[in-house]
Amino acid sequence: MKQMPISTDQFDAVKRCFDAYGADITRWPTDAREQYGSTARSDELADTRHDAEALDGLLGAATPPPVSAELKNRIIAQYRRPPAVMTISDLLADLFTPRRFVPAGAFAGIGALGLVAGVFSVNASFAMTPEVEAYAYVYADSGISLDTFDEEEAVQWDED
Amino acid sequence: MGYDNDTDEALVRRAGRGDRSAATALVERHTDKIYACCFRILGGKPAAEDAAQETFLRLWKHAGNWRPKGAKFETWLYRIAMNICFDYLRKTKREAPAEAAPEMIDSADQPDQALFLGQRRFAIDEALGKLPERQRFAITLCHFQEMTNIEAAEVMEISVDALESLLARGRRGLRAQLAPMRDNLMGKMSNETNAHIN
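If you read the sequences in order, they're chains A and B.
Residue numbering for the first sequence follows our numbering, beginning at -17 and increasing consecutively.
Residue numbering for the second sequence follows our numbering, beginning at 237 and increasing consecutively.
Just so you know, the hints here were simulated from the structure itself, not pulled from any lab data.
Each residue gets a CB set at the ideal place from its N, CA and C atoms; glycine is no exception.
Please note: incorrect hints may appear among the correct ones.
[Claimed, not checked] Reference excerpt, derived from the structure (chain B facing chain A, CB under 7 angstroms, subset only): (1) GLY254; (2) VAL263; (3) ASP268; (4) TYR271; (5) PHE275; (6) LYS281; (7) GLU285; (8) GLN289; (9) PHE292; (10) LEU293; (11) ARG357; (12) ARG411.
Work out the full structure: start from the sequences and follow the hints.
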């Protein structure tokens, strides 16, 4: 298949990638890989590519000695619990953490429930105004109890 | 207790609260990479071990107050290692990598190949050691540590363009230094490859 000629800009861009990142295009930045991946294989760039491959090969062949277990043990041995230093932001963050509000919230909730219960109990009892006291006296004498008065029964009685 | 699924950030926070097993997990996860990086920069095993140890010592010191601040934990750790290496290089002359070469010669049944491997590594370490510090560091991060250009630029606190420039100049320097022995080294590498194939 005949290759398309490469523009000067493309040539320079691909050469820059070879020079900086080597011949392995998986090491190239993603955008360069997408843009110049196919151009990188062109014959015009063969020399640059071979030079880059040669250097990659040499670098890849130089492996550092493995880490000794002793070094890891030394590093772990020097671990100490770091001193906790509290900054103002930490202090504020800690102060306003939800868990801090749980006891206070529970206490406030119990107080509010008590208040509501108190209000209901006051409303439930009759206020002994003079009028109420007078009605109570009348009904008590007539033998009619307000507690046992049934409106429906009263209506039926009227109809009969 | 396994920490395989925990992020570095979570482990640092735990280590900062005194969790030794989280600290151990961080050591297991990162020592190899940090040591390899220090070895590339400093060129000698004792110096690289000291630098890796110092890097973690600073990590333990700051773990209690560590905040991501936009950077990945690994970026931050490499930055510490880089600063320690630069300090070390400023204080001392770079150690001759000659001491590293014999470590490769451990194959008694193939003395020629072992000798060749030792020589090759010596040559490459020496060439790396002659590069300016920042070029060496850029190549170490991008080529050996396999970081992306963005990650490496973050570690070095430079722009991606500046990193690319360091990489290109560094590789050019290496090519120039290794050119006289390239054919020899490459020839032997080709022989090795053929031997593997056959």
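Checked hints:
| no. | hint | verdict |
| --- | --- | --- |
| 1 | GLY254 | holds (4 angstroms) |
| 2 | VAL263 | holds (5 angstroms) |
| 3 | ASP268 | holds (5 angstroms) |
| 4 | TYR271 | holds (5 angstroms) |
| 5 | PHE275 | holds (4 angstroms) |
| 6 | LYS281 | holds (6 angstroms) |
| 7 | GLU285 | holds (5 angstroms) |
| 8 | GLN289 | holds (6 angstroms) |
| 9 | PHE292 | holds (5 angstroms) |
| 10 | LEU293 | holds (6 angstroms) |
| 11 | ARG357 | holds (5 angstroms) |
| 12 | ARG411 | holds (6 angstroms) |
When the structure is compared with the earlier hints, no violation turns up for any of them.
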